[in-house]
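Enquirer: From just these sequences and the hints, can you work out the full model?
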Amino acid sequence: QQQVKQSPQSLIVQKGGISIINCAYENTAFDYFPWYQQFPGKGPALLIAIRPDVSEKKEGRFTISFNKSAKQFSLHIMDSQPGDSATYFCAATYTGGGNKLTFGTGTQLKVEL
Amino acid sequence: ETGVTQSPTHLIKTRGQQVTLRCSSQSGHNTVSWYQQALGQGPQFIFQYYREEENGRGNFPPRFSGLQFPNYSSELNVNALELDDSALYLCASSLPGISGNTIYFGEGSWLTVV
Numbered sequence: 001q002q003q004v005k006q007s008p009q010s011l012i013v014q015k016g017g018i019s020i021i022n023c024a025y026e027n028t029a030f031d032y033f034p035w036y037q038q039f040p041g042k043g044p045a046l047l048i049a050i051r052p053d054v055s056e057k058k059e060g061r062f063t064i065s066f067n068k069s070a071k072q073f074s075l076h077i078m079d080s081q082p083g084d085s086a087t088y089f090c091a092a093t094y095t096g097g098g099n100k101l102t103f104g105t106g107t108q109l110k111v112e113l
Numbered sequence: 001e002t003g004v005t006q007s008p009t010h011l012i013k014t015r016g017q018q019v020t021l022r023c024s025s026q027s028g029h030n031t032v033s034w035y036q037q038a039l040g041q042g043p044q045f046i047f048q049y050y051r052e053e054e055n056g057r058g059n060f061p062p063r064f065s066g067l068q069f070p071n072y073s074s075e076l077n078v079n080a081l082e083l084d085d086s087a088l089y090l091c092a093s094s095l096p097g098i099s100g101n102t103i104y105f106g107e108g109s110w111l112t113v114v
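Protein chains in written order, with our numbering: chain A, 1 to 113; chain B, 1 to 114.
Keep in mind the hints are simulated off the structure, nothing from the lab.
Facing chain A, from chain B, some residues (calculated, C-beta under 7 Å):
(1) 56
(2) 94
(3) 103
(4) 105
(5) 108
Facing chain A, from chain B, some residues (calculated, C-beta under 10 Å):
(6) 4
(7) 6
(8) 33
(9) 37
(10) 40
(11) 41
(12) 42
(13) 43
(14) 45
(15) 47
(16) 58
(17) 88
(18) 90
(19) 107
Computed from a predicted structure; not experimentally measured. Just so you know, even glycine gets a beta-carbon here, dropped at the ideal spot from N, CA and C.
Expert: What follows is the structure in structure tokens.
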């Protein structure tokens with residue numbers, strides 16, 4: 001049973017545009033939602049994370065929006081740059097889960113000039 | 001750099017063989033997790049070790065086993081390799097306890113089973 005659904009599978013955005021990636025979860029016990037960025041041949045790197053007690057978190061050009069009632073959260077990349085081209089994964093975990101992450105299926109982002 | 005190092009980076013094995021992958025975690029991180037990432041998929045949790053004991057396991061068969069050593073380094077062992085075991089194997093380290101402790105991933109070990 002896939003507990004975190006991610007869309008779209010791939011995304012092409014023009015330089016300077018906004019990239020939006022969406023995730024939905026099923027397990028209401030999840031209480032920590034990180035986003036990871038992965039470049040080819042590299043391991044995932046933590047980008048930004050949010051807890052369900054806030055509806056939005058912003059770090060630089062990256063913003064997470066969180067809707068607890070809908071069990072959805074999204075990543076917004078403002079002023080997208082070619083260097084942002086990578087695969088993005090949403091993930092979720094819960095207190096007592098031992099830091100076990102449940103990942104989405106990933107979104108391959110390409111930012112074109 | 002995350003401070004998590006894995007070896008080897010790439011290896012090719014034959015179906016039925018056994019493989020051992022190694023991970024050195026970030027200094028002070030006594031919790032180590034292993035993930036399998038098939039091509040084009042998100043990482044899947046295999047298991048986690050805390051203080052040298054397995055502390056949580058995903059939906060993987062017993063032929064996937066591990067060890068954690070007193071210095072918190074870890075090994076992932078896979079017996080009776082199958083073609084579907086071909087994947088990127090990721091090690092992640094963190095502090096234990098509440099969720100949200102930053103989890104750092106290594107670069108991974110690419111395993112190809114032929």
